[in-house]
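**Q** Next come the chains, spelled out residue by residue.
Protein chains: 2
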Amino acid sequence: MKIALAQLNYHIGNFEANQKKIITAIQQAVLEKADLIVFAELAIGGYPAKDLLRNAVFIEQCQRAVKEIAAHCDGIDCIIGAPLPNTSPEGKSLVNAAAYISKGEVVSVIAKSLLPDYDVFDEYRYFEPNRNTHCINIRGMKVALTICEDLWDDDQQNSYVGDLMQELALEKPDLIINIAASPFSYSHFQNRVNVLKRNVLKANAPLVYVNHVGAHTDIIFDGRSLALDKSGNIVAELHKFAEDLQYVEVLNSHITALPPPSVDVAKDTDIALIYEALILGLKDYFSKSGFKKAVLGLSGGIDSAVVAALAIEALGAENVLAVLMPSRYSSDHSLKDALDLVQNTGCGHLLLPIQDIAFTFENTLHKAFEGRNPDTTEENIQARIRGTLLMAISNKFGHILLNTSNKSEAAVGYGTLYGDMAGSLSVIGDVYKTQVFKLAEYINRDREIIPENTITKPPSAELRPDQKDSDSLPPYEILDSVLYQLIELEKSGSEIVHLGFDEQLVQRVARLVNNAEFKRFQAPPILRVSPKAFGPGRSIPLVARFPF
Amino acid sequence: MKIALAQLNYHIGNFEANQKKIITAIQQAVLEKADLIVFAELAIGGYPAKDLLRNAVFIEQCQRAVKEIAAHCDGIDCIIGAPLPNTSPEGKSLVNAAAYISKGEVVSVIAKSLLPDYDVFDEYRYFEPNRNTHCINIRGMKVALTICEDLWDDDQQNSYVGDLMQELALEKPDLIINIAASPFSYSHFQNRVNVLKRNVLKANAPLVYVNHVGAHTDIIFDGRSLALDKSGNIVAELHKFAEDLQYVEVLNSHITALPPPSVDVAKDTDIALIYEALILGLKDYFSKSGFKKAVLGLSGGIDSAVVAALAIEALGAENVLAVLMPSRYSSDHSLKDALDLVQNTGCGHLLLPIQDIAFTFENTLHKAFEGRNPDTTEENIQARIRGTLLMAISNKFGHILLNTSNKSEAAVGYGTLYGDMAGSLSVIGDVYKTQVFKLAEYINRDREIIPENTITKPPSAELRPDQKDSDSLPPYEILDSVLYQLIELEKSGSEIVHLGFDEQLVQRVARLVNNAEFKRFQAPPILRVSPKAFGPGRSIPLVARFPF
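Going down the list, the protein sequences come from chains A and B. Each residue of the first sequence is one higher than the last, beginning at 0 in numbering that gives the first Met the number 0. Each residue of the second sequence is one higher than the last, beginning at 0 in numbering that gives the first Met the number 0.
No lab work stands behind these hints: they were computed from the structure. Accuracy of the hints is not assured; some may be wrong.
Each pair may be met inside one copy or between any two copies, as identical chains are not told apart.
[Stated by the list, open to error] No more than 27 Å apart at the CA atoms, straight line, and that leaves these computed lysine-lysine pairs for DSSO-like: (1) Lys-366 <-> Lys-291; (2) Lys-531 <-> Lys-49; (3) Lys-141 <-> Lys-32; (4) Lys-171 <-> Lys-141; (5) Lys-102 <-> Lys-229; (6) Lys-102 <-> Lys-196; (7) Lys-196 <-> Lys-229; (8) Lys-531 <-> Lys-518; (9) Lys-201 <-> Lys-171; (10) Lys-366 <-> Lys-335; (11) Lys-518 <-> Lys-49; (12) Lys-102 <-> Lys-171; (13) Lys-196 <-> Lys-531; (14) Lys-229 <-> Lys-366.
With the hints as constraints, model all of the structure from the sequences given.
**A** Pasting the structure below:
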C-alpha cells in the first residue's frame, strides 16, 4: 500500500482555503498512484478551534467539508481528522474523530480515546472520549487508527486508565496510523520519537504519523511528520516548519520511504529550532490575520534588536518600522546601536524623543505627587509614553505592534503593563534572556545584523540614570536557571532549594514570579517555543497565598 | 442526626486562616451538639486553586490540613472537600475528594465522579474521576456523598455517560450530601434548586447542600447553601454573599431546620443580586490581596459613576480616589456630574486635565502623521493618557486601579486597550450597558448617589466633539439583545437572524465581537455575574475565520 503523508498548514475556520489545499494534495497523491492519503488531526476546521467548536454553524461546516472532500477521493482512500457528532445520546456532543474515507464516502469514524487536558490542551471541554476502539480494515490491511494523545499514555505526566496500544496490539495490526496536532517546543521532537517508538514496539507494527505545520497565534506546529519501521527506526521525516507531501510504501509490515530519504542533515540546535519556530509564528500571525506590516520600539538593547531581526526575516525589511524613542536617560550608544541595526537591515525607522511628553506628565502630576520622591512610577510613565506612541503609529498606519519582552522579565514582572508589555503578539516572551543572547548570535551567524555593541553591553532598561538590570535582578544565568525549575519543571521553591540553589534567592525569585501574575494576565499572546510558556497553558490564581 | 452546614469564605492557599475558620466552626457545632459538620468542596486549599494543584508543597499542605482538622473532630463527625492523592496507580495523580472524618480520623474518601470541563471549569486538568461510587455509612445512616457536578448530569448542557444518582438510588440512601463550589450568576440559583430537586426525587431522600461563599478575583460564590426535604421543598437556605453556619435535623428521612427558618423574604431581583455579588467581589479582591485603596477615572458618565458607587460601598469612601481627567472634548456637564458624585459620596478626588499632555503627543507625532486626517488614533491617545495618569497614581500611592468598562463595550471593542481598558479588576465588565442603567437606579434606591444627569444624558465617550455612543453603535437595547444571544446563549449569527433580528445588524455586531477578541485577551479579570462572562470561561481563537 502506497501512503501519502500530507502535512499542511491550515487556517482555523477558513474552510474554503483549507479545502482547496486538501483537495490539491489528494489530486497530487492520485497522480502519484497512492492508495491512501493521510491528513492531520482536526485538519477540518483547524486546531485549536477552541469555543468555535461550540458554534453550530462551525460544526455544520466541518461536516460539509468532510463530505465534499470525500467526494474528491476517487481511486484513493483518505484519513482525515475532524470534529464530528458523538453518535451516542450520552456525553459531550462531539468526538475528536479520524474519518476513514473510501470510494468517496466516510466508511468509518474512529474517535480519539485519550483526551489531553494539561498545559494548553483542554479537549475534555469539547469531546467525549472513545471507550472501545478497534483496528479498522484498510484495503486488506489491519490498521490501528489513532489520534495524537492516543499514543501518549506514559503513566507519568499523562497517565490514563488502561493501556490503549496494548489493547490494539492484541488485534495484531499491520500498521499504526497516528494523526496528530502536536505543538512545537524546542525539546519536544525527541520525546515524540521516543513515544512513537514505544508504541511501534508494543504493537510490533510500522507507523505513519502525520502532524500539523503552521502557527495559530501562540501555538506553533513544526510538522516533522514521520514514518517508523516496526523496530522504531525513522524511515521518513517530513520537512520542519513547512508544508510537505511525502510517500511511503507498506508491504508485509515493512515500510519504506518513496523515494528513499536523502542522507541525514546535521541535527539542529535548540536555538536554530527556536529561530525557525519564531519566524513561522510571525509569518502565520500576519498572513492569517491579514496584516502585512509591523511596528516595534527599538531601544538599542538586545531584546528589541532580536525581535526586529526576526520580524525583518519573517516579513521583509520593507514591512517593519522601528521606532526609536530616546529619553533623557538613554545612553549615547543606545541611539547609535539602534540606528546601526536600521542600517544593517534597511528597515524603516522613526525617531520620536519622549522628553517633552515626560515633562508634561510630570507637570500634570506635580501637585498630586508633591512631597513624594521619584520611584518606579516615573520609570513606568516613560514606558507607557512609549507604549502610547507605538500604539498611535499602529492605529494610524494599521501596523501590528510587536511586543519585545523576554521570558525572564515577563517571569519576574520586570516590565511595565501598558508600556513595554504592550503589543498584539509577544515574539520572544517564551525565550529566556540567556537564550536571547544565543538567538542574537545565531541571527548574526553569517553577517552582523544585530550590532556587536548591542550584544556585548550590560542589559539596562535605561529608565533612570546609569540603571543596569543587574542592579535589581540576579545575574541572568542564575535567574534563568531558577526560573526554568519554577516554570518549565513546575518545581516548588523548597524543591529548588534542595537542588542546591540559595534559599533567599529562590524565595525572592518565587515571590517576584507570584507577584507578577496579575501583569502576565494582561500580557499579549506569546509565541510558544518551550515546554511551558506563560499564557493559557499555565493557569495560576491571581489572588492567593502561594506555596513555597 | 443533627447536621451543621458550614458555609465559609476561604482564601486560596492561606491554610492558616482557612484552618482557623474551619476549626472555629467545628468547635461551635460541637457546642450545639451537632453530630456532623459539612464543609464545601475543596474547602481545603480553596477553589479554584488552578495550577497550584500541580505544586507538590501545596498538595502536602492540603493533606496536612485534613489531618489537623480531623484531630479537632472530637465528638463530631465531619465532611470536608480536599484535593487528595489518587490511590490508584493509573490516571491523574489527584482526586477531587470528600473526606469523611469520624473519631478524629479520615475513615472514607469519596472522589468526585463527574468532572465539569466547560465555561470556567477545567477539572479534568487536575483530577481523575471516580468510576465506582457508593453510599457510605454515617452514624447508621446511608449517605449518598456527592461532590457538586455529581448532581449536574442533565443530559443536555452537561451530559455524562451513565446516571450517577440513579445508581446511588439503587442503594436506597437515607440522605444525599452534596459539597459544592458553585459560582454565582444572576440566573443560577433557580437552576441549582431545580437540579437539586431532581436528584432528591430520583433518590427519594432529603439533601444537604453546602456551597462556598466569597470571591476569588473573577469568580464569585454566593453561598445560599440549602437543605431540601425528599419532596424537593427547601427547608433551610443559608445567607447569600455572607458566611453562615446553620443546623438541620435528619430523622427517618425527614429533614427539618433548627431553629425553623424565618418567613421567606421577598425574592431579590437580578439587579439586586448582581449588586451584592459585585460588592462581595470587590471586598474580597481587596481583602485577599492585601490592598485597601482604589483609584478610578471618573468621567461624569454612568459606567465610572456606577463603579465608583460600588467601590465606595465595598471599601468605604475614604478608600476610593476618583480622578477627573477632562479633555478639550469633555462637555461642561461632565465635570459637574463627576464632582456631584464626589460630593454625594465624600470620596477623594483629583483633577488632572489632559489637554497639555495631548498637545505634546500631537507635537511629537506631528511629522510622522503629516498628511493624515485625525481618526480614532487621536481618540485612543486621550484614553491612553488617562490610563497612564491613573496607573501613575496607582504606582505612586499603591492604590488598585479599577477598570470601568461595561460588557457591551467590551463585547464590541468600543474601548481603548491600555487606555480605558486598563485596570487590575474589571468591576462591571460582565454587566451590559442596559443593566448598568438599572444598577444605577438600584444604587440610588434610597437617595441620590449617582447624579440624575449622569443617568439621563445620552452615553458618550467624549473623545471628539459632540460624540455620542449612538453615532457608532446600535441603540443599547438592541445591541444588548443581540449580544446576549451571541455571548450568553452562544448562538451563531444565522441562528440569531432566524430569531427575527436584522441580518445586517447581526453581521455587524458579530464582526465587531470577533474583531475585538485580541483586545479582550489583554483585558483585566472581570467579576463574573452572568452565565457567560468574557475571560477564561470563553475561549476563542484570536486568528481565525469566524463562522456566522
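**Q** For every hint, state whether the structure bears it out.
**A** Okay, the hints, checked on the actual structure:
In this homomeric assembly, Lys-366 and Lys-291 come within 27 Å of each other (Cα to Cα) only across copies, at 23 Å, whereas the closest approach inside a single copy is 44 Å. In this assembly of identical chains, Lys-531 and Lys-49 lie within 27 Å of each other by CA distance both inside one copy and across copies; the values are 19 Å within and 15 Å between. In this assembly of identical chains, the alpha carbons of Lys-141 and Lys-32 lie at most 27 Å apart only when taken from the same copy (21 Å versus 67 Å across copies). With identical chains, the CA atoms of Lys-171 and Lys-141 are at most 27 Å apart within one copy only, with a shortest distance of 8 Å there and 48 Å across copies.
Taking the shortest Cα distances, Lys-102 and Lys-229 never come within 27 Å of each other, neither inside one copy (29 Å) nor across copies (58 Å). Taking the shortest alpha-carbon separations for Lys-102 and Lys-196, neither the intra-copy value of 32 Å nor the inter-copy value of 52 Å comes in at or below 27 Å. In this assembly of identical chains, Lys-196 and Lys-229 lie within 27 Å of each other by CA distance solely inside one copy; the values are 8 Å within and 57 Å between copies. Taking the shortest Cα distances, Lys-531 and Lys-518 sit within 27 Å of each other both inside one copy (18 Å) and across copies (24 Å).
With identical chains, the CA atoms of Lys-201 and Lys-171 are at most 27 Å apart within one copy only, with a shortest distance of 10 Å there and 46 Å across copies. For the homomeric pair Lys-366 and Lys-335, the shortest alpha-carbon distance between copies (22 Å) is at most 27 Å, but the shortest distance inside one copy (37 Å) is not. Taking the shortest Cα distances, Lys-518 and Lys-49 sit within 27 Å of each other both inside one copy (24 Å) and across copies (17 Å). Taking the shortest Cα distances, Lys-102 and Lys-171 sit within 27 Å of each other inside one copy (26 Å), while across copies they are farther apart (54 Å).
In this assembly of identical chains, Lys-196 and Lys-531 lie within 27 Å of each other by CA distance solely inside one copy; the values are 24 Å within and 44 Å between copies. For the identical chains of this complex, Lys-229 and Lys-366 are neighbours neither inside a copy (77 Å) nor across copies (67 Å), given an alpha-carbon limit of 27 Å.
Violation of the numbered hints given earlier is confined to hints 5, 6 and 14; the remaining hints are satisfied by the structure.
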